[in-house]
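Participant: Take a look at the letters that make up each chain.
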Amino acid sequence: METGGSSESPAEPKKGRSRAPKKAAESLLKQKSPAEFFAENKNIAGFDNPGKSLYTTVRELVENSLDSAESISELPVVEITIEEIGKSKFNSMIGLIDRERVDAALYDDYETAKERERRLAKEARAQEIQARNAASGKKVKEQSAGKGMKGRGEGSFYRVTCKDNGKGMPHDDIPNMFGRVLSGTKYGLKQTRGKFGLGAKMALIWSKMSTGLPIEISSSMKGQTYMTFCRLDIDIHRNVPHVHVHEKRKNDNKWHGAEIQVVIEGNWTTYRSKILHYMRQMAVITPYAQFLFRFISETSDKNVTIKFARRTEVMPPVPLETKHHPSSVDILLIKRLIAETSKQNLLQFLQHEFVNIGKSHAERLIGEMGSEFSAKMPVKSLTDQQIVRIHQLFRQAKFDDPTGDCLSPAGEYNLRLGIIKELHPDMVATYSGSAQVFEGHPFIVEAGVSVGGKDVKQGLNIFRFANRIPLLFEQGADVVTRTALKRINWGTYKINQTQDKIGVFVSIVSTKIPFKGTGKEYIGDDIKEIATAVKSAIQQCCNQLKSKIIKKLQAREQQERKRNIGRYIPDASAAIYDVLQAMTQLHASKKRRYNEEDTDLVSKVASRSITTATLKEKLSEHVARVDYEMALEYATQSGVSEEPREDVYIQALEPAAADGKKFLDFHSPTFVFRLVC
Amino acid sequence: MADTTGKSKKRRRADDGAPELPFKKNLKPDSAILETLKSLQKSTIAAASSSSSKPKSLSELALTAACREVTDQSPDSVQSNIEGVILSLARSIIAGNGFSFNVPSRAATNQLYVPELDRIVLKDKNTLRPFANNSSVRKATITTKILSLIHQLCLKNIHVTKRDLFYTDVKLFQDQTQSDAVLDDVSCVLGCTRSSLNVVAAEKGVVVGRLVFSDDGDMIDCTKMGIGGKAIPPNIDRVGDMQSDALFILLVEKDAAYMRLAEDRFYNRFPCIIVTAKGQPDVATRLFLRKMKMELKLPVLALVDSDPYGLKILSVYGCGSKNMSYDSANLTTPDIKWLGVRPSDLDKYKIPEQCRLPMTEQDIKTGKDLLEEDFVKKNPAWVEELTLMVKTKQKAEIQALSSFGFQYLSEVYLPLKLQQQDWI
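In the order they appear, the protein sequences are chains A and B.
Heads up: the first sequence at position 341 corresponds to 341 in the numbering used here, and the numbers run straight through without jumps.
Heads up: the second sequence at position 17 corresponds to 17 in the numbering used here, and the numbers run straight through without jumps.
Please keep in mind that the hints were generated in silico from the structure rather than gathered at the bench.
We put the beta carbon where it would ideally sit given N, CA and C, even for glycine.
Watch out, some of these pointers could steer you wrong.
Derived pair list, reagent style DSSO-like, types lysine-lysine, alpha-carbon separation capped at 30 angstroms [said to hold, decoys possible]:
1) B:K139 x A:K562
2) A:K616 x B:K162
3) B:K139 x A:K616
4) B:K139 x A:K552
Anything over 10 angstroms on all C-beta distances counts as not near chain A; from chain B, calculated [unchecked claim]:
5) L40
6) I45
7) V170
8) D241
9) M359
10) T392
11) Q419
Rough simulated footprint, nothing fancy, chain A against chain B, three-plus residues with beta-carbon under 8 angstroms [what the hints assert, rightly or not]:
12) 82–91
13) 128–142
Can you build the whole structure from these sequences, using the hints too?
Facilitator: Take a look at the structure:
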């Protein structure tokens, strides 16, 4: 996966990787540029097929935008547009003339006369069956309107545009930021959405592979008077950008941020729901962002426009870059840190380049390393053997766990808001765990559990987030799914796992998320620390819900009591009346003697002054009375129930009279009424 | 002990007197065994006559806790009892107070083992079953319905099965366990046995062997009932005129072992009566066994599996079940001997490893619970056997004996057991 040079000079990976590979051509040893490698193994980055590629492109662009806006503490506004480009339009874009098919049999979707006959017969039969079903009133699944007979060459093309209000990019860096794979600004040890500097470049590689069209970038940074426009593609073999246009343009309305436009092959039909789910879940986990999603189709009836409005202005803090924890480093990393450090001696190096090593602790460590080590020895003079010794000690020695200060979880408030905003559940509970550690990397698990809501299907609906991005694929093996399905006993919390609409939200943030598999799509179930943290977080939420649910159930039971008991009144009174009636006959035939009181009752039955109806009526009266008494008792016991109040977010008022509209404001110390004339 | 020379004749039939059956040579001639059985019978009769001085009913015992028992009642008195209950209900309804049943609780906490009687009795705790309560409305309604149905039965003096009863109103009862449970409650409320309610369970138990009795006037000879035997009549009132020349009663847990013994005509070799209820005993079988024991004064020997459930079944015959403890006086048969298969037999008869089963967690728990029960504790030999079972964590069914040949049970095991008087 790596070129030979990269391990030698880990500090400057760019140079090593970009070296021209062609020199080695005469020997059989070939070298590949990283761009070539990823072009060939694009599934690693989530570009398995056109549909998934469209999804991944959207995803990478949105995540870059969010990171960019958050890095300057700006509330993100992201506009994403997918525009369908028909074949002829596409051809004209690339300057290709539309050509009619001449030799029809040459194509994959060619239908011979025989096949055509068969298909028509089949369709006629299907129609007949449908008509019969309709006549007999049977409901049948609507048949999918004939499979689109699309040949392989008949791909669909889309222009994906993503515009944000983020940091923007420096004019001179833009070509390298897009045209060089594995170059990036997110390589440090901190919690970020992206990690490998791959996303936008992969989109470009994909566009080059599927359409051959370049990427277009407009960007401006805060305070810049101009706007950069750049059109470029990538030289895959050399892993260098190939710039078409790179110029400064006028920036009139002080916009800062980036707008990226790329034309790729995709498949909207099959990945529509995935992309919409992604946007929806992104809105859940980032309620402080505003998203505008548009799909523009050639036929306007398929157009989609969804606006995910901002619900809060509280943004999680920017994640801080942190130093490595001694138990998480390997030998290579120690070497790199030594090469990069500005510290002179070993003591300072240990003390300043790692977390959780204080001065006295560092001294003790050096003492433990052996006699050839000393606190004052220059750190750059360490031999390979000595570095191995340091590594060994790091593995064995005890260190305090790193704190979670460098992490930026979504926060209970935001998680809760997001859930309420997107699902409108009946109840929701959230919980934020404390920081824990896995292999020297701190992580925080936050969870939310909701019950009920609109557009939520029955059973468990699992929403997974890692470093505040939604995970949509490979749900089955994920630690969250497994935990929610297997290790939580929903029954104990009065939640019905199959009947109730349960939403389970789990967000994990860490400086290093231990993803499984090639695509960063799921977290394995084999990490005990994470599994335990996830379980306890979900349980905490359930515990909060339990009391609410029990209260609700009691109230419902109270309501249903009368009806439930009422159901049995006819049965009970009929049974009693039957016996009474049998007794009247016995009494009449003098077979049996009763005492006076009973005789009175029996004769009343005989004279039909007491009938089943009398018994029913009396029973109903009694039930109603008991019911009333119990309701009173219930009310006095539980008192007036007060739900905890929740904050409501109201957007700030625009300054008045900016665009000529007239307002009349009534001010009070706590609020303003604005009348729009 | 096992004969090792007979390996070549392994396939020969057992009744050829093939010597390969282990322990076979320990057997004395049948006549000797018969002698021991006769002496057993004599001692049983003697014990029965001498024990007449023993207190037989609850009232004669000065118990600290009040107990509840039911009696056989005529249909007429059951009918008037029901009428009394219904009239009071009707009065209460008309007075505007709804209605409510006061039902004796049959929960485990309301049971008491009385060592003097050697059976479980019901204490006097009651639970209220008001109609105007969400949790008891169902049961209250079912109770009135059952009362009304029983009233009809008594009026017409006919018998129906529990299943019949359930089918009169499937919608209300929902499943048969509900109507069955209420039926027992009604017995308690009215203070009569379940048989007096004119409701019987379907036939389950069978009897074969040296017994003659009359069923509704017809004389039945249980030696001439083929291999299947005679089904025990669900209504014990029809049974009478018991006669027998048997020396003992053999109580078998399982249908399979019963069939083996019946087919081999075990009762002709050693005069006996063989009874089984095919698992947990029903009321009819328990009543029948008690009647045989009381009228014929025969010793009862039990052949059950060597597992906790075998002993449990034995205890139901002997001391009664908790569910029907209110009628334990009529349902229990005193002085049942545990003949086999006992945990100690597994090693004594060298039952091979592959025929023994490991006990599950649940089995071990049941076994340990049984050790705490009074009816086990009263018999030190039982405690010893059960302790052995829990310790070795092994169980075996009666069928484990078939590993020496299908007829090993009737040819060797039982005769040897009888000869050695190996019962506890």
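Participant: State the violated hints by number, sorted upward, taking the hints as numbered earlier in the document.
Facilitator: none
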